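Got chain A sorted already, so can you dock chain B onto it with the hints?
Chains A and B, in that order, are what the protein sequence lines are.
Under numbering that gives the first Met the number 0, the residue at position 358 of the first sequence is numbered 357, and the numbers go up by one with no gaps.
Under numbering that gives the first Met the number 0, the residue at position 10 of the second sequence is numbered 9, and the numbers go up by one with no gaps.
I should point out that these hints are in silico values taken from the structure, not numbers from a laboratory.
Everything hinted at is true.
Output of the computed footprint for chain A on chain B, the stretches with three or more beta carbons under 8 Å from beta carbons of chain A:
hint, stretch
1, 7-14
2, 22-32
3, 42-48
Note that the structure is predicted; figures quoted are calculated from it, not measured.
Beta carbons are placed, not taken as given, at the ideal position from N, Cα and C, and that holds for glycine.
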Amino acid sequence: MHYNNNAALVKRELLISLIKLMLEDRLEEGIDKIPYEMTRDPDYQPIRCCVHHDREILKSRLLARLGFSVEQYVDDGTPLSVYAREALARERISAPILTVLDDACNACVKTQFMVTNACQGCLARPCMMNCPKKAVTIVDGHAVIDNAKCINCGICQQVCPYHAIIKIPVPCEEACPVGAISKDANGKERIDYEKCIFCGNCMRECPFGAMMDKSQIIDVLAAKKRGKKLAALFAPAVAGQFKASLGKLVSALEKAGFDAVYEVARGADITAEKEAHEFAEQMEQGEPFMTTSCCPAYVETVRKHLPELKKRVSDTKTPMHYTAEIAANEKPDHLRVFIGPCLAKRKEGIDDPLVDYVLSVEEIGALFVAMGIDVAEMEEKNLDQEALAGGRSFAWSGGVSTAVQAYLPKHIPFKPETIDGLTKESFRVLKSWSEGKNTGNLLEVMACMGGCVAGPSTITNPKVATMQLRKIAEASKGVEATAEASASSKTPASTPAPTVPVGVA
Amino acid sequence: MSETIVKVVVCSGTACYVMGGSELLLLDDHIPAKWKGRLELEGSPCLGYCKDKTSGKAPFAMVDGELIPQATIPEILRKIGEKLGDR
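Isolated chain A, as found in the complex (with noise of 0.2 Å):
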């Protein structure tokens, strides 16, 4: 599904609606109003049966946004504002982060394939003919499916002259890359949270908006409003989300409320140089390949889908720990709360420590338009220590790979490859690798397709942002002299901190 869809922009008013009522301190009182007020033009068209199932369906996508898992939602006329209140007076958040609005999942029919009029009724007949299970008959001139003998392997519809034969998947089942999602007794969806890696691809894809993530912004305005000092670590693809420039986009969120903000593009320096260094003394071991560990749904991959990759998987950190590690050091009174286009890092987040809350693009985009806030009209301002062209590279395929490489002694040979998107057929590829059958020696895998700049919870058009990602990337300090010093320095790899000089803007 595109990117940009209604669905998705419903999601991000409601954002902007609480957002707004939370900064004027009218959270309580006023959100029970959000359902009226965004169905109250007189020409609204409703989406569901009426406008009552329309309203009852952003209640629940307001629990979401609250913060709430939604599965065993019933309404027993509870007002939102005492959920509200529940939201603002946790000090933590819980998993798992993602949730299904029962009310708004169509409970779509299992995938099928269907005869539509276009049917011709041919002498050839080719999907009686080809049809392996015999479920394709011809009644009153025309081809009919039995659904009950169908297998839906598709064979009738691709050998279909007329394009005759469609097929209505259920959108979010298809896009699930490791098979988390199915029905239960009422055909409503469900996540297996045992299987779910966290991609994310079930909330873009559903054309109901009805899988969401659970919002932290109101903890994170809370935390706030409570005197908290907050630092924002922002994720590399970020810089992409804004038609700005990184100085910019400091200033906007110094004046959104962070008392500190770090680029975890300087994480993602640390990372790709650590990352060279265990992978030159694997490839000196006589290991066969080795792969990537920044994506966090690919790591939730391994873990419960391909156990047996797990020793091939990096043991470097990911740049988000790193860049926590250093605002930890600096600022240890501040709640570090990291900023990214990715649904996993929330999981990430909540499994470490140093993390503290984990915001979307889409959160923060909406907090900005919340308070007025444009980017490009902000001051530029300079970061206190920028990050360089490699780890500013990390939010596109190829990119860590890339960043790895610019580390690595000259004469460890390095066949890398990609991993662009994780889909039911790439990870058939990953299987492959973990059974001997690697074709390179470092996999760079990437759970969205194009990397993280078209991660699950970007505003931006992936195109867009990368080509603004790469222009910043580029104007940004280069690895290849430090290369160099790297390949003749001995390293280790467990170095605190980069050795790598720090650019000035």
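Positioned in the frame of chain A, the structure of chain B alone reads:
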């Protein structure tokens, strides 16, 4: 057909971006060949319409000075066609 030049301005302010405005920056990829040379495309910093509730909703675009709220690529193309007298 007269050789009028139509000017298209796409707002890339933060409010427009959050509501999907970045898509509009790919407008150039959707311009039919017959219109090449007759359009002037421009991305602009915040045009300010998001601050005025009567203007409609973000994202905003302007085609020859005419405001398009909740702009989409097909909507902008339709408006360009209208301005060029080529629907």
